[in-house]
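Asks: The lines below spell out each chain.
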Amino acid sequence: MIPYGVPLEFFLITAVFLYAVGFYIMATKRNMIKFIIGLELLLDGAHLNFITFATAWPGFVIDPLAQSLVIISICIGGGVIAVGLAFVIRAYNLRGTLDIRKLNELRH
Amino acid sequence: MSVGLTEWFYLLPLVLTLGGALIVGLLGKVLKGRRGDVALGVVTAVFMFLALVSIVNLYYILMYANWSPLLIWYWPPGPVFDPTTGATCINIDILAVYMSVVFVFLGLFVAIYSIKYMEHDDGMGLFYPLLLTLVGSMVGVVYAGDFLTLFIFWESMSVSSYALVAFRKEETEPIEAGLKYFLLSAFGSTLILFSMSYLYGLTGTLNLAQIGANLALLPAGGAWMNVATITIMGLIIGFGIKAAIAPLCTWLPDAHPAAPSGISAMLSGVVIMTGSYAILRLFGYFFSPTVYPVYGYILSWFALFTMIYGNLMALTQKDIKRLLAYSTITNVGYIIFGFAVGMMPLTHIDPNAAELARYLSVTGGLFHITAHMLSKGMLFLCAGVFLHEIGTRDLDKLKGIGRKMTVTMVCFDIGALSLAGVPPLIGFFSKFFIIWGSIVAGWYLAAAILVLSSAFSVVYYLRMIQILVFAEPSPEALKAQRASPVMLFSIVVLTLFIVGIGLFPEFFLRVAELAAKAALGLPFS
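Those sequence lines, one after another, are chains C and P. Take 45 as the starting number for the first sequence in our numbering and just add one per residue. Take 51 as the starting number for the second sequence in our numbering and just add one per residue.
Treat the hints as calculated values from the structure; they're not laboratory data. Even for Gly, the Cβ is constructed at its ideal location relative to N, Cα and C. Where hints are given, some of them may not hold.
[To be verified] Away from chain C, derived, C-beta distances all over 12 Å, residues of chain P:
id : residue
1  : 75
2  : 225
3  : 342
4  : 498
5  : 550
[Stated by the list, open to error] If we take Cβ atoms under 10 Å as the criterion, some of the chain C residues that face chain P in the derived model are:
id : residue
6  : 59
7  : 67
8  : 72
9  : 74
10 : 79
11 : 83
12 : 110
13 : 117
14 : 124
The following block holds chain C by itself, in its conformation from the complex:
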């Protein structure tokens, strides 16, 4: 089944690529805003996977449930990112830096 002439693997590999980029950002970057961007990319990789698999049904049937999950998950993701940004703003106001490695008051 090749919907609209593009093979399924293309989308799946893109999803893995998005997830890998997000993971790379979260593993290496020091800026907290970039962390949040990485988190958003991780979510997008998973969403793309769901959308792709939702179309992979025999007879061009598209599963509405996976699409509902993605829409709900985008909304939830917005909420999660908002909470994360609130944390970043508070941390910036309190410590005057966006560098995650300077937040080391907790290391006893």
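Add chain P to chain C, keeping to what the hints say.
Replies: Below, chain P alone, put in the same frame as chain C:
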């Protein structure tokens, strides 16, 4: 069945907690000042109590239904549905009831405790709705019968716990701890979502039971097994971050001490248990030990490592809440170990013995969730009383405080001894069952490590008691007053349950045993 009046009755625990959050949130706009805060706390406690009653009611409904789960299909609507295209449902079985009683029970006492403990804080109109949302979402997580429902409640639980950890947003420590918790935990959530998308691709459904059934239909040994392996790893890591399995638990010793003490008790006692629950439930549904033999062993080695790590780190701590947080990691090790034995194929022993070993250790793990909820929740509440009275968590400054606060200290001692595994208390029985299970499974080395780890943990529990009671009182400790009766009420009731269930464990063990059978798919006899 679609959602009719009877189904709303089954959903009462969810409706009362989440609807209660809405009502308390609206009331918080009207009721201001100290009196308003007290009123909000009382309303919250009433909602928690009603939810607790409705869950106990569900227990009896299930008992008359012969323990067959109550399924509520809510989307697509109507009585006609096709599970293979992914119907969403609420699945209330005895395991869900068991877990939700644990959640709401601690929520009730934390709500009562917070009325006094949070007296100097602003924004209580947000605190109580968040607490109710946290408890309600956890109930939703255990009631979920499909991945859509699970994910919605999982994220709502996570978001409310981030906000509650950083509730005192003017201080640096809660913000840093909250940020650390947020980053790791949100990463874990995306990993769960990503892994689940592969499971969805393999099976074409989001319904948890249906995913398991469709996976069993796939040919054994095909290329899809590799995808399934990645999926299992992703799920274990994703839920393991929330459950605080050892290499993934770095957020826990920061987040638990930084939160307000009531929330520390919630996080440590119940929120991290949703991770353990999810691992148990998903393996029970999806990955039968005969097809995936190694994951039980991998998970159990991680559990043993978790125990040892928590014990070693707890030894050197100077901060009382940080010490308790590390001992939480140790206890997560026991619980995950109990569940891991339930996932092992155990082909080298007699099949009947293997079944016995599986459900004994899962029973022990589930019972240890209750034991840990009561004991560790109570210990965090006691630590909160000390913090409230003299404003420090430093063990050196808390020296001898037990002489000024007798009742709190007696309760603290009972909780610490219960977690150390002293016989007439609840913690003894749960550990005993986990160890018994591993002995029946023929894994004597693990049983020895469990016993040694338990004995090792006595060292720091006794050190804590020694510092708090027998050391010469420090100048700060001498200033301590008696704890207020509101806070003492929660602590004393939890202590009574520790002693009471320890003396009469039969009923609770029976329910834990039924829950273990539901998790493993064994017939109820």
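Asks: Now tell me if each hint is right for this structure.
Replies: We went through each hint and held it up to the structure:
no.: 1; hint: 75; in the structure: holds (16 Å)
no.: 2; hint: 225; in the structure: violated (5 Å)
no.: 3; hint: 342; in the structure: holds (22 Å)
no.: 4; hint: 498; in the structure: holds (32 Å)
no.: 5; hint: 550; in the structure: holds (37 Å)
no.: 6; hint: 59; in the structure: holds (8 Å)
no.: 7; hint: 67; in the structure: holds (8 Å)
no.: 8; hint: 72; in the structure: violated (14 Å)
no.: 9; hint: 74; in the structure: violated (12 Å)
no.: 10; hint: 79; in the structure: holds (6 Å)
no.: 11; hint: 83; in the structure: holds (6 Å)
no.: 12; hint: 110; in the structure: holds (6 Å)
no.: 13; hint: 117; in the structure: holds (7 Å)
no.: 14; hint: 124; in the structure: holds (6 Å)
Hints 2, 8, 9 from the list above are not met by this structure, while the remaining hints are.
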